[in-house]
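Please model the complete structure; the sequences and the hints are all you need to start from.
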Amino acid sequence: MSAPSAFRGFLVKEVRHILRDWQTLLVLMGMPLAQVLLFGYAVRSDVRNINLAIVEPQPDAATASLRARFEGSSGTYRFVGTFANVAQLESRFKDGTVRQAVVLPMRFAERLDRGERVQVQVITDGADPNSGGIMESDALAVLRRWDAARGGARPALRIDVAARMRFNPTLESVNLFVPGLIAFVLTIVSAMMTAITIVREKELGTMEMLLVSPLRPRQVVIGKVAPYVLLGFLDVVIVLTAAQLVFHVPFRGSVTLLLAESVLFIVTSLSMGIVISTNASSQRVAMMAAIAMTMLPTLLLSGFIFPIAALPWPLQALSNVVPARWFIVIVRGIMLKGAGFADLWHETLILAGITAFLLTVGVRRLAVRLG
Amino acid sequence: MRAILFLVRKEFLQIVRDRATLAQLLFIPFAQLIILSNAATFTIRDTHVVIVDQDRTATSRALAARLEGGRQFLVERVTSSPAEAERELIERRASMVVHIPPRFEQQLVRQRAATLQLSVNAEEGAVAGLSAGYAQRIILDFANDQSATLGVAMRAAGEAAGAAETTVLAPSRRGVLEVRPQQWFNVTRNYKHYMVPAILVSLITIIGTLVTAQNVAREREIGTLEQLNVSPISKMQFIVGKLLPAWLTGMLLFVVGLAAGRLLFGIPLRGPVWLVVVGAGVYLTVALGIGLFISTVTRTQQQTMFVAFFVLMIYLLMSGMFTPLESMPQWAQYVAAATPVRHFVWVMRAVLVRGGGVETVWREIAGLGVAGVAVLALAVRQYHKTTE
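In order, the protein sequences belong to chains A and B. Count the first sequence with the working numbering and you get residues 1267 to 1637, in order. Count the second sequence with the working numbering and you get residues 16 to 403, in order.
Calculated from the structure, these hints are not laboratory results. Predicted model only: the values in this text are computed from it and were never measured. Just so you know, not all the hints are guaranteed correct.
As the list claims (entries may be wrong) - A few chain A positions that, by computed beta-carbon distances, are all more than 12 Å from chain B:
hint, residue
1, Ala1272
2, Val1388
3, Ser1403
4, Glu1474
5, Met1475
6, Pro1483
7, Arg1484
8, Ala1526
9, Asn1586
Claimed, not checked - Under 8 Å between C-beta atoms, here's a sample of chain A residues computed to sit facing chain B:
hint, residue
10, Met1295
11, Met1297
12, Ile1316
13, Gln1387
14, Gly1392
15, Met1431
16, Asn1434
17, Met1553
18, Leu1562
19, Ala1583
Said to hold, decoys possible - Simulated restraints on C-beta separations:
hint, chain 1, residue 1, chain 2, residue 2, range
20, B, Tyr349, A, Gly1341, 17 to 23 Å
21, A, Gly1381, B, Gln197, 24 to 30 Å
22, A, Phe1517, B, Arg81, 37 to 43 Å
23, B, Val31, A, Phe1345, 53 to 59 Å
24, A, Arg1424, B, Pro97, 19 to 25 Å
25, A, Ala1350, B, Val293, 32 to 38 Å
26, A, Gly1341, B, Ala353, 21 to 27 Å
27, B, Phe45, A, Val1478, 42 to 48 Å
28, B, Val385, A, Ala1492, 44 to 50 Å
29, B, Ala46, A, Ala1415, 50 to 56 Å
30, B, Val293, A, Arg1424, 27 to 33 Å
Note that CB positions come from ideal geometry on N, CA and C, so glycine has one too.
Below is the structure:
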């Protein structure tokens, strides 16, 4: 049997192997879809439905109109109730049934009418400093608007700031989420699956059989990973289609470029999988290594959820070798900014460099192991 | 009982003998705790800013200096060309452009109001909002301060224009509303104090669920599960024997992690610490039970892992760990309520950060207890000693 036809036979075996295990296949295809739908709807980083309490020891016209103002801003607040004093709120803040409270003084309307300086307190649950900060400025804005509407004192000077959120004007979470999700899914499908499938043959002893076949080590590797390139590619298409059809995620750049870059990233992930597989003795070890080396960095050091710029410098430096970091910049660039290859060649080059490195190391090590 | 002890001993021996497993269980969680705690943050310093100054007056320069003065912004350059700034924004060299239009100072003096434009790269959602908010606060402060300096100029301008309107700074007769914001529970606004408790939960969850699910799937795949099946231990004994070692390991990790969080990151321990330890014990039962259940409904290690990952993804992204729960649509909040992680993360934060006690969290812990019993019962039912 000549080497090329042996290789073809091997490839057919691998494809059959994957196709026969339809449960795994279903998971591989269904999981990304479920994730886009689930997280696209569910994961939001904006702050809404804040449990708000108002402390008004002495209700009057002014407190009523202020309360109406808060109740009127629909979506932002969920009005919990009015209380007579702050002490009543302590336990409610602790168990989270109240996240924010506006504390009004006695004789609120009367004192304002007399032209006095009246203090209003805004208490915010700052356990989470991010949403705490956002909640605080939201409440201050509502109070300012109320104050302006009643004709209260104006600042002597006013600088209006017209803020424009570029590339994602509504700060739609799903637009930011999809590029990261693609990277994440590809990391799982390509890196982890490759690592596991190779290590599995080692663990079950069938790798030995492949070794005595006329296949060269390089061919074994290619035959093993080729089907996963296709699977990964299908996943990208599924995720993008769902994102476009269901969430109308913008697609400002070239789809071809996006798919080409995805293929590059799939190869990167596969190479990582190969490298992991050469170092792992069992599926368990391979899986843990895949989590520690690919999944978590993709989640945390790639700008997917937390911005790179927020990392302390050692981690920022580390993030440079996380392939997903570059891939996410590329995908966001193409989808949200309509960037072309001219804008992204830098990132692409880095990604290609990492891939070449991993692939060389992986294939060489595997060859040594197998040979 | 003796049978269980033998099984427990076997599991521990397997862990201790296998260097890789031991390393996994001890080293990886702490490396993660340290990296995660530092990585999981939205607090940005040094946002790169380009200022387009088309006004070129003392006021516009003072504003630029003010923006640069805080620790938040790093002014890359000041230019007069909007096109140039746009390029910086697209090529990600700047995250924000502050555009001061021509005649900015003049408008401030004459009309007491002027507009400037802020363009933020919103590719990184949450950050864009925070940066814009921060910039707005600085600009507001700046406006207030300038009232004093420009007040003089305004009066002068008013007189020059022959107008008698010098009452700009006069107080309103309608009372002054003075708002005093106050943040509870995290005065220093340290994001780590909020995140580290949740990260601890995610660590024991990942280790617990994955290790358990994998452990059984592996024994099945390499055939040693058959040996256990033909041994005279009951299903219940088998499951307890499998879970107990993992539970003990998880508890050890949790306690050591809590201490590490306290020592390294100074996380607050405002409520009773024993309460979170008890909570962790109950919670781990649920987490491990789910891992075991996953392994009983799948066949290969690969499948097990995929299902486990899917579950973990839901845990991580929908449990309110990283994003506020209240913002999710109602149905998603129900989904979140069905995950044990959401409840235990909440318990951790309620006790450690908000200083809640038994009266605050007993319902959650009791609920987790009920869930634990249910999941274990289900896993026992689902586990078959025979192979079909």
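Consistency of the hints with the structure:
Its beta-carbon lying about 26 Å from the closest one in chain B, Ala1272 of chain A satisfies the requirement of being farther than 12 Å from that chain. Taking the minimum C-beta to C-beta distance to chain B, about 5 Å, the non-interface status of Val1388 of chain A is violated against the 12 Å cut. Residue-level check failed: Ser1403 of chain A sits 6 Å from the nearest beta carbon of chain B, not beyond 12 Å. Once the 12 Å rule is applied to beta carbons, Glu1474 of chain A is consistent with being away from chain B; the minimum gap is 16 Å.
With a least CB separation of 18 Å from chain B, Met1475 of chain A remains clear of the 12 Å interface cut-off, as annotated. For Pro1483 of chain A, the condition that its CB be more than 12 Å from all CB atoms of chain B holds, with the nearest at approximately 23 Å. With 12 Å as the threshold on Cβ separation, the claim that Arg1484 of chain A sits away from chain B holds: the shortest Cβ distance comes to roughly 24 Å. The Cβ of Ala1526 of chain A lies farther than 12 Å from every Cβ of chain B, with a closest approach of about 21 Å, so its non-interface assignment holds.
The Cβ of Asn1586 of chain A sits about 14 Å from the closest Cβ of chain B, beyond the 12 Å cut-off, so the non-interface label holds. Because the smallest distance between the Cβ of Met1295 of chain A and any Cβ of chain B comes to about 11 Å, over 8 Å, the interface hint for this residue is violated. The restraint placing Met1297 of chain A at the interface with chain B holds, with a minimum CB-CB distance near 5 Å, inside the 8 Å limit. Annotation: interface hint on Ile1316 of chain A holds; nearest CB of chain B at approximately 7 Å, less than 8 Å.
Interface hint status for Gln1387 of chain A: upheld, as the beta-carbon distance to the closest one in chain B is roughly 5 Å, under 8 Å. Hint status for Gly1392 of chain A: holds, given a least beta-carbon distance of 3 Å to chain B, under 8 Å. Look at Met1431 of chain A: its Cβ gets to within about 4 Å of chain B, closer than 8 Å, so that hint holds up. Below 8 Å, beta-carbon pairs count as interface contacts, and Asn1434 of chain A has one with chain B at about 4 Å; its hint therefore holds.
Interface hint at Met1553 of chain A: satisfied, since its Cβ lies 6 Å from the closest Cβ of chain B, which is below the 8 Å cut-off. The interface hint given for Leu1562 of chain A holds, since its Cβ lies 7 Å from the closest Cβ of chain B, which is under the 8 Å cut-off. The closest approach between the C-beta of Ala1583 of chain A and any C-beta of chain B is roughly 12 Å, which is over the 8 Å cut-off, so the hint fails. Take Tyr349 of chain B and Gly1341 of chain A: their Cβ atoms lie about 19 Å apart, and the range 17 to 23 Å holds.
Separation of Gly1381 of chain A from Gln197 of chain B is about 26 Å and conforms to the stated range, judged on CB atoms against 24 to 30 Å. Roughly 40 Å separates the CB atoms of Phe1517 of chain A and Arg81 of chain B, a value that falls within the hinted 37 to 43 Å. Hint check: Val31 of chain B to Phe1345 of chain A, Cβ distance near 57 Å, so the stated range 53 to 59 Å holds. Roughly 23 Å separates the CB atoms of Arg1424 of chain A and Pro97 of chain B, a value that falls within the hinted 19 to 25 Å.
For the hinted restraint 32 to 38 Å between Ala1350 of chain A and Val293 of chain B, the CB-CB distance of approximately 35 Å keeps it satisfied. The hinted range of 21 to 27 Å is satisfied by Gly1341 of chain A and Ala353 of chain B, whose Cβ atoms lie roughly 25 Å apart. A hinted range of 42 to 48 Å for the beta carbons of Phe45 of chain B and Val1478 of chain A is consistent with their spacing of about 43 Å. The supplied range of 44 to 50 Å is met by Val385 of chain B and Ala1492 of chain A, whose beta-carbon atoms lie about 49 Å from each other.
Against the hinted window of 50 to 56 Å, the Cβ-Cβ separation of Ala46 of chain B and Ala1415 of chain A comes to about 55 Å, which satisfies the hint. The supplied range of 27 to 33 Å is broken by Val293 of chain B and Arg1424 of chain A, whose beta-carbon atoms lie about 55 Å from each other.
Consistency note: the structure conflicts with the earlier hints numbered 2, 3, 10, 19 and 30.
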